[in-house]
Structures are given as C-alpha cells and as structure tokens.
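*Asks:* Listed below, chain by chain, are the residues.
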Amino acid sequence: MNLFLQVDPKSFWNAPHGSTELTVKLFAAFIIGIGIAVGLTFIPAQLRKWVVRFVTFGAGLFYVLFWIFPRPISRAPTDAPRGAIEGMSFWIADSQPVIMTLTNVIAGFMIGLGIYSLLRVHFSKIAKQQRDWAFSAVLVISMLLMVTLGYADFLQRQDPANFGLADQKNWGLVNYGKDLLFDGLLQNMDAGMFSIVAFYIMSAAYRAFRARSIEATILLVTALIVMLSLMGVVEFMWSGAIDSISKDNGLIQSFKLSAISGWLKGTIQTPAIRGIDFGVGIGLLAMGLRLWLSLEKTGGEA
Amino acid sequence: MGNQYLDTGWFMMVLTLVMVSLILYNISRAHGGKDLYIRRISGLNAIDEAVGRATEMGRPVLMVPGLSASVNAKTMQAINIFAYVTRVAARFANPIMVCCADATVLTVCQEVIRDVYQQEGLADQYDVDSVRFISDRQFAFAGGVAGLILREKAAATFFLGEFYAESLILAETANSVGAIQVASSTELTQTPFFIAACDYVLIGDEYYAASAFLTRQPVLVGSLIGQDWCKLAMIAMILCGTTFNSIQQRGTTTTEHKEGKWVDLPKERLVLAKDTFFSRLLKADPEKNIKLDPPREKLPPDQLPSGGPAGGDK
Chain C
57 MNLFLQVDPK
67 SFWNAPHGST
77 ELTVKLFAAF
87 IIGIGIAVGL
97 TFIPAQLRKW
107 VVRFVTFGAG
117 LFYVLFWIFP
127 RPISRAPTDA
137 PRGAIEGMSF
147 WIADSQPVIM
157 TLTNVIAGFM
167 IGLGIYSLLR
177 VHFSKIAKQQ
187 RDWAFSAVLV
197 ISMLLMVTLG
207 YADFLQRQDP
217 ANFGLADQKN
227 WGLVNYGKDL
237 LFDGLLQNMD
247 AGMFSIVAFY
257 IMSAAYRAFR
267 ARSIEATILL
277 VTALIVMLSL
287 MGVVEFMWSG
297 AIDSISKDNG
307 LIQSFKLSAI
317 SGWLKGTIQT
327 PAIRGIDFGV
337 GIGLLAMGLR
347 LWLSLEKTGG
357 EA
Chain S
5 MGNQYLDTGW
15 FMMVLTLVMV
25 SLILYNISRA
35 HGGKDLYIRR
45 ISGLNAIDEA
55 VGRATEMGRP
65 VLMVPGLSAS
75 VNAKTMQAIN
85 IFAYVTRVAA
95 RFANPIMVCC
105 ADATVLTVCQ
115 EVIRDVYQQE
125 GLADQYDVDS
135 VRFISDRQFA
145 FAGGVAGLIL
155 REKAAATFFL
165 GEFYAESLIL
175 AETANSVGAI
185 QVASSTELTQ
195 TPFFIAACDY
205 VLIGDEYYAA
215 SAFLTRQPVL
225 VGSLIGQDWC
235 KLAMIAMILC
245 GTTFNSIQQR
255 GTTTTEHKEG
265 KWVDLPKERL
275 VLAKDTFFSR
285 LLKADPEKNI
295 KLDPPREKLP
305 PDQLPSGGPA
315 GGDK
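Those protein sequences? They're chains C and S, same order as listed. Count along the first sequence starting at 1, add 56, and that's the number in the numbering used here. Count along the second sequence starting at 1, add 4, and that's the number in the numbering used here.
Chain C extracted, bound-state conformation (with noise of 0.2 Å):
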C-alpha cells in the first residue's frame, strides 16, 4: 500500500510522490505539530486563551471563505489562475481536503481517548467485581474480540493475494470469526434494538392521546385522521360513503378523510414545522457567531 499518495492539482499542500520536497513537507509538519504540542503547555494559561480564540477564529473563517467565495468555474488541474481573486479561490479549493483531513486526524486521536475512558470505567468495576461486573467482561472481551478479528479480516482482504476471500469456500477462522461477531451478531442485535422503537411508539402513544386537556385532544382527534387516512380499507369505505352523497359537490368532496388529512399536513403542519426551522436556523446562527468571536463561556455560571 502507497500512504503516501499524493492528490491533484499540485500545491502548497502536497509533492510529488517520492521527491525530497515531500519528505521535507512531511518533516516539517511533524516537527511543527510536535512543537505546537509542547509549546502550548509551557505558555501562560491568560496567553493560552488567546491562541484558542485566534485558532478558532482563523477555522471559522476559513470555512466561512470556503462558503461564501466564488468557486473555479470549468479548472482543468493544468490551468494557472488568471489574478489575485482566482489565485484565493483555487487556494481555498485545493486547502478545503487538507483541512479535512486534520479533522479526521483529530478524531483518530480522539478515539483512542474514548477507549481508555470505556477500558478503564469496565477494567475497575471488573477489579472491585462491583455490581453487574459481569457485563463489563463481557464488553470487553467483545470488544478485544472484534478488534482483533476485524483487523486481521481487513489485513487479509486488503492482500491481492486472498482475492478467492470473495467466495466464502475460501475463508479461515478469523474470517469465519469476524463474519459471527459483526454480521451475525452486532448487525442483528442493532436490528433488534431499533425495532423495539415500534413498541415505544405505542406506549408513549397511549399516554400522549389520552384526552386530558384540549391540547391533547386535538392532538388525538388530529392523529386519528392522519391514521384513518394511511389505513386502505378506512380511507376505500368513508371515500365510498362521501361519493354516494356526492361526486361533483367540491365541499362535500373536501370531507375525504385523505382531502382532511392533506390540509392537515400541507396547512397546518408543514407551516408549523418551517416556522420552527426558521428559529432552530437563527438560533444556530446566533451559536455559531458566538463561537466563532469566542463571546461564548462554556461552564454555565449562573
């Protein structure tokens, strides 16, 4: 496997494969990343507060670039920007996947964070054998258990030479061992936890549509249609029986539990629901301002 492969168009952020200005470039970023590190545990904490908000004003601008700057238009990998303007433009294009990528190395660090919290929560209780212990066991010997075969699997498929893995004839134990744990395990097992959402519904259901209050009753009264509606034999029968009265009166033809059920939702429903997204947008604007000037103090005083 190349790690290194390099990503067109060429620029500030990569090299050609192979060539020294790669390895300088990756030297470079390594040994600044280590002295960045270092440097910000020695610097005052009063100090330390502006170099976050700076880090995170230089993100947030950034992507606010990336939004609001006009793209190439119709760039070959060949071509050479044709001013300052454009010059912006194709760096911001040809920063975007690099600054993704950060992204996705910060993460990486920080799944190994969320695995010594999970190992070391279930590792005590194991030791103190306190209540329950023995579902931590089993979490983590699934876990060591997974890890393990999972990586092995992927080692080998990831080999030109096992291509016969495609065919289940050909696979091993640790393929057979992977294929129990994450196929005929964890997928079933997800699959059995989000279908007893089917059941929830009913329960928190019942206890939403008893009509204790008007609120609630219309609540109830309102469901009802919607579901009378989605129900064939319901919906065939009441069409039925309004038909009968009359086919060309439009009022009478409006009583159909399927026209009440499309004014529902198409009038009362959907303006509902776009008058919340419109405060959920603000709202979202509002927090990512704040964040982004760092006016925002996590820590909840009050």
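Quick caveat, the hints were computed from the structure, so don't treat them as lab data. You can trust all of the hints, since none of them are fake.
Derived DSSO-like pairs (lysine-lysine); straight-line CA-CA distance at most 27 Å:
#1 S:Lys302 / C:Lys81
#2 S:Lys235 / C:Lys353
#3 C:Lys321 / S:Lys278
#4 S:Lys157 / C:Lys184
Keeping the supplied structure of chain C fixed, place chain S upon it in accordance with the hints.
*Replies:* What follows is chain S alone, placed relative to chain C:
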C-alpha cells in the same frame, strides 16, 4: 464552495450579513448594561426541580449530549446546559452521569464538568468516570444508555442535542423508571417523540435560548434578543413576499427574464411565480450564462500535477 453565492445570488449574502449585524448590535447593547427581557421557559425552570428531586431520592442525574459525530454548535449548547445542571447537582452533592457517543465530545465534556466542580470548590467530588464514552454506534449507544438508566435508576434525565431513532428508546426507558425528563432534539422529526414521552421539551430555538435564560450573561441575552429581531425581519419578509407575489400574479406580462436579461415574449401571458420580483430576488438565475473570458494560462511544467493513475506513482 461558494454554493450559497451561486445558488441564491447576492441577496442571501446581504441578508446573512444583516442578521449577523443585528445579533452583534444587540450583544453590544446588552454589554452596555441595557436591561433586556427574556420570557420564562418551563423546561428550563424545571431543571432545579428535577435535580432537587434526584437529590431527595438519592439517585443520579443522567445527561446525554446527543449523537453528534464531533463537537459542533449544537453539542456545545447541550454541554453549556449540562454545565448548569452539573453546578446545581454539585451544590446538592448529587451524582451525575454524562453519556457520550463521540470521543471528541467526551473530552470537551470532561473538561467542562471538571471546571464546574473546581469553580464550585468541590474538585474532590468530581468523579472522572461520571463522564463516559458508551459507543459511537447508534443502537449500541442506545442500548448502553438504556441499560445505565435501568441499573442506576436515574431520577432525572436530560436528553439535549442531536437525536435520531434512538430518542424514543432513551425517553421511554427513562419514563419506565419514573425519571423526570427534560429533552430537546435539534432534529425536528424526533421532537414529537420527545413530546410524547418526556415531561418538558425545548422546541426549536428554545434550545438555543437555554444558556441565555439560565446564566443571564449579557452576551447570551443580547444574542437572544438579536435572534428575535432576525425573526421579526424574516416575518416581515414573508409578509412582503406573499403580498407582492399575490398582487403581481394577478397581472400579465409581455417580457421574461432569461439568461440574465429581459426578453420579449411572443404574446402576453399571465405572470408566473418565477417571474415575480421576490422569486427572482431569492433564487439565482439557473440559466445564468457564465463565460470564462479571458481563458486561463497553463501552469509551468515544474508546477504541474504529479501525475500517475493513482495520483502519485510516476
């Protein structure tokens, strides 16, 4: 890149700038000592009650900041609210549990929760394992949190942030152990489930108003008032748009806007929705003719891409 500019033209850019200005202006007003009013939100009033009840029962408070795949504005808002809940719980010496579905969120949560305990002078009460990573798989996470709720018999639960199909599993499980629940999902499709199963639900932008309501920090209160001004601007635009469109669509036209310019029609016709002033203002012309003039020069040979079928090997 540049999608907003190309898709919606200059107007949406200007509108965004106006909204940003309104929010920043109100933040500066609140900073200047102006007393600004915020209405009461019952879901947030219930926080103290929920934590107090958990203390009386000697059972923990459980918080879930949603299933965001990274730290974003929605997660930060949830963490801000959790910081307040933790502060109240710490004062009552009540145990807390924060369940995370993402390791980045876990790190931020741990930092914020530890800071809260330190600010309250109760650093020794902070339990590192109170903020824990469960799983980044949706239903494994739901199963893990549901198990915790049942085993620990949480007395109060706070589900705030991005929730999807697991919302009802969490809320109904908490309901089954008699927990008092405050919830809000930034996903509108999940809000009805929370309404059906929880005691208090923050709907829509109430979620983003929460930290301003709880902390009364001038920046947050000003920002909230700015949001209200933005909403008023949106309402005014909707009213103007519907009025102007209704009036315009009653008339006829002999011209139409095509490829960035007005052209004569062969015969007069009714004004369509796409011909109206507001429609053209909000939608960029899809037939806009973009020309590359003058053509670009080519890069010099030493700056050409590295080549090769996989983009690397020569």
